[in-house]
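There are 2 protein chains.
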Amino acid sequence: MEKWRAADRLLKFSSRFASAVNWNNSCKSKQGKYFYSVATTVHRNPLFSSISPDDISYFKTILGERGVVQDALALDAANTDWMGKYRGSSKLLLQPKNTEEVSQILKYCNSRCLAVVPQGGNTGLVGGSVPVFDEVIINVGLMRNILSFDKVIVSGVLVCEAGCILENLISFLDDEGFIMPLDLGAKGSCQIGGNVSTNAGGLRLLRYGSLHGSVLGLEAVLANGTVLDMLGTLRKDNTGYDLKHLFIGSEGSLGIVTKVSILTPPKLSSVNIAFLACEDYTSCQKLLLEAKKKLGGILSAFEFLDSDAMSLVLKHLDGVRNPLPPSIHNFYILIETTGSNETFDKENLEAFLLHSVESGLVANGVLAQDINQASSFWHIREVITMHPHFVVSSKSPILLWRVLWNWELTLGVYLKLS
Amino acid sequence: MEKWRAADRLLKFSSRFASAVNWNNSCKSKQGKYFYSVATTVHRNPLFSSISPDDISYFKTILGERGVVQDALALDAANTDWMGKYRGSSKLLLQPKNTEEVSQILKYCNSRCLAVVPQGGNTGLVGGSVPVFDEVIINVGLMRNILSFDKVIVSGVLVCEAGCILENLISFLDDEGFIMPLDLGAKGSCQIGGNVSTNAGGLRLLRYGSLHGSVLGLEAVLANGTVLDMLGTLRKDNTGYDLKHLFIGSEGSLGIVTKVSILTPPKLSSVNIAFLACEDYTSCQKLLLEAKKKLGGILSAFEFLDSDAMSLVLKHLDGVRNPLPPSIHNFYILIETTGSNETFDKENLEAFLLHSVESGLVANGVLAQDINQASSFWHIREVITMHPHFVVSSKSPILLWRVLWNWELTLGVYLKLS
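Chains as they are written, first to last, in UniProt numbering: chain A, 1 to 418; chain B, 1 to 418.
Hints in this document: simulated from the structure, not taken from any laboratory.
Don't take every hint at face value.
A pair holds if it fits inside one copy or across any two, identical chains being indistinguishable in the list.
Said to hold, decoys possible - Listed next, the in silico DSSO-like pairs over lysine-lysine satisfying Cα-Cα at most 30 Å (straight line): (1) Lys107 with Lys60; (2) Lys91 with Lys60; (3) Lys315 with Lys97; (4) Lys292 with Lys267; (5) Lys107 with Lys236; (6) Lys91 with Lys107; (7) Lys97 with Lys107; (8) Lys107 with Lys292; (9) Lys85 with Lys236; (10) Lys315 with Lys292; (11) Lys293 with Lys85; (12) Lys346 with Lys97; (13) Lys286 with Lys97; (14) Lys60 with Lys315; (15) Lys315 with Lys91; (16) Lys286 with Lys91; (17) Lys315 with Lys267; (18) Lys346 with Lys107; (19) Lys315 with Lys85.
In this text, all values refer to a predicted model and were calculated from it rather than measured experimentally.
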């Protein structure tokens with residue numbers, strides 16, 4: 001399809017879908033426990049149909065019995081977001097096995113005016129993957145094939161279906177001597193299609209940049225069932241408009257991502273991790289700039305918590321211990337370097353830390369001595385939002401917000417907290 | 001403007017504009033000296049109006065006398081592409097000084113159905129910046145203000161007008177201790193707006209990725225004069241659709257980019273360059289993968305020429321000499337590392353080169369001993385397409401194509417030449 005026409009159609013055909021989804025999300029926000037703007041009641045849009053027995057029968061002809069889920073337990077899980085903050089009342093969960101099935105489902109839902117909500121690993125923190133009312137849930141979890149990995153011409157381009165679990169892709173690439181350009185605490189459950197649709201940043205954004213840079217191509221199905229093939233594998237394709245970027249971060253509102261082509265960097269052998277404490281926010285910012293300059297290309301992560309976040313993690317989460325002496329500091333930083341020379345990388349990081357302590361930027365710090373210690377450092381960062389108990393037990397929503405803000409900061413957004 | 005509606009309007013309002021520009025480009029290609037598909041004659045689309053004295057008067061009321069150029073010499077330069085391959089016959093060159101003027105020009109041209117062609121530094125190699133017939137040329141070269149550079153919160157975000165010359169931005173950032181994430185042979189003339197509109201890759205793509213990753217925001221004017229403000233400075237903004245990506249690489253066909261916000265990395269002190277020779281293409285590919293693994297994060301450029309390209313450069317371009325002994329090799333590679341530790345980086349590159357020679361991947365090679373030698377290595381790469389004489393004098397267009405293909409390869413596209 002000629003690309004600008006495709007864009008035009010994409011936005012026309014998806015408008016109803018988009019408005020439905022956006023409306024759902026906004027509604028969800030307003031129902032959210034931790035939403036602080038004026039609450040308003042949102043009613044189900046009467047323009048959307050309700051599921052009829054005929055719809056069920058039709059979906060069974062497309063997906064078979066197993067692909068049409070009406071079981072109460074399964075529906076309950078699919079209706080609830082990962083933090084237990086939002087709950088929908090969908091009566092139907094569809095599990096397509098390939099792009100064609102996704103296309104047939106959407107085409108039919110569009111013709112019947114049935115609202116849908118795309119769902120991947122359902123690990124989102126803002127309720128975008130669960131229904132508000134009785135939308136049809138389309139979960140692409142069964143689409144989990146790795147289609148190709150190109151190491152012959154050393155491009156490191158991985159092409160896979162949207163339902164692939166991030167951790168499985170990481171393991172697959174590890175065996176090939178490559179890594180995924182993104183990593184998340186939710187890697188064990190989240191799916192690459194969802195990562196792309198939400199433009200997940202994750203722990204490697206500082207080093208490998210955003211998905212707009214590393215996703216080379218996509219296949220997506222529009223609301224009317226049209227399959228948009230943008231599954232290129234070139235690092236630079238300037239033919240026509242680069243429509244795939246509209247789908248990166250659009251939360252499924254323009255269509256459902258079904259296949260992903262992503263550029264993966266080679267795995268480097270030498271990894272070093274330090275956990276530091278700073279007394280003020282300005283020092284954290286200066287430390288980041290210094291790290292970028294002094295650690296050059298080996299800096300692979302710079303993560304950030306404030307003392308409230310740290311206290312909450314230590315108080316409420318099992319198996320988390322403070323690597324530093326138990327005095328209270330205002331801010332904590334995790335620094336990771338990834339390079340190709342064990343000896344030099346370690347010396348380089350040690351010299352940087354020594355200089356940072358001497359210059360007063362860092363109040364205290366410790367360097368991981370082995371892989372277990374390294375994992376325990378990362379564990380602190382990864383579990384911040386990984387434990388529902390943490391959210392539920394949090395006495396102060398403000399603290400949670402700060403955790404999330406800090407989390408954004410670690411993604412390189414540099415939000416001004418003051 | 002609510003973003004998805006903006007996208008819808010963008011594509012609707014720009015359709016006429018887009019079709020005009022695309023049609024022009026395709027026409028240009030078919031007229032191009034080095035285009036080998038079946039030639040077809042393309043006639044001016046009669047739907048477009050011709051410029052009248054009233055139009056000129058109107059433009060003068062917007063831009064003043066100086067912004068409305070009808071001088072034959074200036075028009076001749078603006079009608080001709082940088083390689084002298086394509087020539088238009090525009091009678092009018094407009095030079096707006098700000099976004100509002102661009103908006104007024106486009107709104108008027110749209111209402112009068114006057115075809116336009118946006119022009120930046122006019123350094124493109126495919127004639128995209130010159131008219132085919134009598135389109136109005138809109139050159140943003142007078143919009144050259146640096147609007148802000150944020151180093152206070154260490155984000156390194158530069159915001160500037162589209163007409164800023166790339167080399168001027170590089171110099172500005174150099175004084176601030178930062179660098180542009182892209183660098184081109186044409187840096188002395190090309191403009192950042194044009195770089196973004198053509199999604200220029202350049203010499204630093206390998207290290208800093210594509211503009212889809214480093215451009216944080218844009219301001220653009222649509223064909224109907226609507227100003228689309230997408231000039232964000234956050235590294236990750238998932239609110240609504242990321243429309244700016246439609247403008248990156250769309251060659252001005254959706255609108256004219258007027259402002260750019262771009263993420264710039266800190267400048268690193270240690271730079272080392274080597275010029276190598278390989279006997280076969282597979283070795284070049286293996287060498288790239290090895291470089292990515294062994295040089296880790298300090299690898300900043302990996303450039304490629306084949307023997308034909310090298311011979312043409314040595315034969316036709318002044319001040320270019322072969323750094324290697326004058327025996328003929330099939331392929332040549334330029335490798336650059338950029339890091340923060342002079343001693344280690346040099347040792348690391350030397351060790352890598354030694355290993356590559358021993359393993360037979362590299363036939364011969366030399367390491368730049370000083371800044372002059374480094375510049376002379378880069379000169380070979382940069383002048384490939386910088387000298388019109390080179391193109392004109394090329395006896396074999398096939399060779400030129402191969403040069404361009406190789407150029408693409410160096411951009412990390414890994415085109416299969418076989």
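Hints violated by the structure (numbers, ascending): Violated: hints 3, 5, 8, 10, 11, 12, 13, 14, 15, 16, 17 and 18.
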